[in-house]
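Between the sequences and the hints, there should be enough to build the whole structure, so can you do that?
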Amino acid sequence: MVEENVHGAGDIILNAPSIEARIDTKESWLTNHLAEIFSAGLPGNGSMEPTKVRPVLVYTVSSGTDDLEKKIWQVDRSGVRIFTARTEHELVTGLENEISNQTARSLQDFLLFHSGALIRNGHGILIPGTSGAGKSTTSAALAFAGFEYCTDDVAVFGKDRRLRPFPKVLALKAPGWQVISKNYPESSEAVVYSSGRDGVTYVRPPVLPSAESSRSGVPVDLIFLPRKDDPNAPVIEKISKSEVVKVLTEESLDLQLLGASAFDGLIDLVRGAECHALNVLNLTEAVEAVKELTE
Amino acid sequence: MTTETKDKTEIFSGKCPERTPNINEYEVEEEVVLYDPRSDSAHVLNPTAAVVWWLCDGDHKVKDIARELGDLYDKEPDSVRSDVDEILSGFLSSRLVRWK
Numbered sequence: 001m002v003e004e005n006v007h008g009a010g011d012i013i014l015n016a017p018s019i020e021a022r023i024d025t026k027e028s029w030l031t032n033h034l035a036e037i038f039s040a041g042l043p044g045n046g047s048m049e050p051t052k053v054r055p056v057l058v059y060t061v062s063s064g065t066d067d068l069e070k071k072i073w074q075v076d077r078s079g080v081r082i083f084t085a086r087t088e089h090e091l092v093t094g095l096e097n098e099i100s101n102q103t104a105r106s107l108q109d110f111l112l113f114h115s116g117a118l119i120r121n122g123h124g125i126l127i128p129g130t131s132g133a134g135k136s137t138t139s140a141a142l143a144f145a146g147f148e149y150c151t152d153d154v155a156v157f158g159k160d161r162r163l164r165p166f167p168k169v170l171a172l173k174a175p176g177w178q179v180i181s182k183n184y185p186e187s188s189e190a191v192v193y194s195s196g197r198d199g200v201t202y203v204r205p206p207v208l209p210s211a212e213s214s215r216s217g218v219p220v221d222l223i224f225l226p227r228k229d230d231p232n233a234p235v236i237e238k239i240s241k242s243e244v245v246k247v248l249t250e251e252s253l254d255l256q257l258l259g260a261s262a263f264d265g266l267i268d269l270v271r272g273a274e275c276h277a278l279n280v281l282n283l284t285e286a287v288e289a290v291k292e293l294t295e
Numbered sequence: 001m002t003t004e005t006k007d008k009t010e011i012f013s014g015k016c017p018e019r020t021p022n023i024n025e026y027e028v029e030e031e032v033v034l035y036d037p038r039s040d041s042a043h044v045l046n047p048t049a050a051v052v053w054w055l056c057d058g059d060h061k062v063k064d065i066a067r068e069l070g071d072l073y074d075k076e077p078d079s080v081r082s083d084v085d086e087i088l089s090g091f092l093s094s095r096l097v098r099w100k
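Protein chains in written order, with my numbering: chain G, 1 to 295; chain V, 1 to 100.
Honestly, the hints are just simulated from the structure, not real lab data.
Here the structure is a predicted model, which means the values were calculated and not measured.
Treat the hints loosely; a few may be bogus.
Across the chosen pairs, the derived CB separations fall in these ranges [stated by the list, open to error]: (1) Gly-146/G / Asp-71/V: 37 to 43 Å; (2) Ser-93/V / Leu-257/G: 24 to 30 Å; (3) Glu-285/G / Asp-71/V: 23 to 29 Å; (4) Lys-100/V / Ala-260/G: 39 to 45 Å; (5) Asp-40/V / Ser-39/G: 31 to 37 Å; (6) Gly-14/V / Pro-219/G: 49 to 55 Å.
The beta carbon of each residue, even a glycine, is placed where N, CA and C say it ideally should be.
Given below as structure tokens:
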């Protein structure tokens, strides 16, 4: 996993404790956008400790022509072609996916889940779910309601079972962005990049975790499974912890790699948290209900 | 229960099911959660399935399990046998138990 160390090549777009990503390209707009996309939950001071193995990835982005009509971008990583993009949108989202995946892979001793995660008043909140479940939209709503944003996609837990941030801003598909921009108009000023009307909109969350929270992590004591199937369901409803265990098992990114002891961690996580279904069909009510539980 | 399931458990009714090694077991609230690291999957057992699981110790035949379950719920073994067969069938298809 350790790539060729080529410090000095390209511009840094991600400088995280577990990984460094650089881009070597003439397209300065691309460098700027990617650096902003990966500007959440970041180091600088007070981040978690650097990992023992810290790969440096260098992406080379080139195109065969300056003719905008015919431009096709080739993206290489350490001299190996990883994809080709025919539009700017494909290029940005393709690189974002690639770097996000590599960042997740670099967190080798951490337990990772497909989940939103935020913090409020010292309460760590988890919103696990598969793609389309509503975790990004719900995470965005909570973020714009003032919750400290850790992630809308990859929740990171150390061996201490404490939550830490993942270095990527909110990424909302079109339906989710429509809801957020309508309910939180200020979010329009926080757009980092939009890949078109039907694409992904990357949005800077207003509040990030403190340096202390990022370094030492936060315990999770609330887990919400987003529900969108019944408008008449209560906004918040207690659910069985075993149901949450099942969902987290399905949404884990590296449980099998870490071994059975990681599942012990998952069980501890769920045992230590209150577990609820959250009806996100009325997002404003859902946010208020979560606020009450985190006073 | 399908005919196939019924046939399968009847064929083995003289044998003893036993828990597959290396399945991790946890109690979460009132349920039992099994984690199978081979398939990275979690299985949630309600209280009845949990009892059947614990009785899959390689020493109890299927009819013994039905009798024990019947005693627990104050029912005749025959009346719980189909539940036992269904639960065992699920365990077998998920490879959580095997025939000794």
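Here is what the structure says about each hint:
no., hint, verdict
1, Gly-146/G / Asp-71/V: 37 to 43 Å, "57 Å, violated"
2, Ser-93/V / Leu-257/G: 24 to 30 Å, "26 Å, holds"
3, Glu-285/G / Asp-71/V: 23 to 29 Å, "49 Å, violated"
4, Lys-100/V / Ala-260/G: 39 to 45 Å, "24 Å, violated"
5, Asp-40/V / Ser-39/G: 31 to 37 Å, "33 Å, holds"
6, Gly-14/V / Pro-219/G: 49 to 55 Å, "51 Å, holds"
In summary, the structure is inconsistent with hints 1, 3, 4 from the numbered list given earlier, while agreeing with the others.
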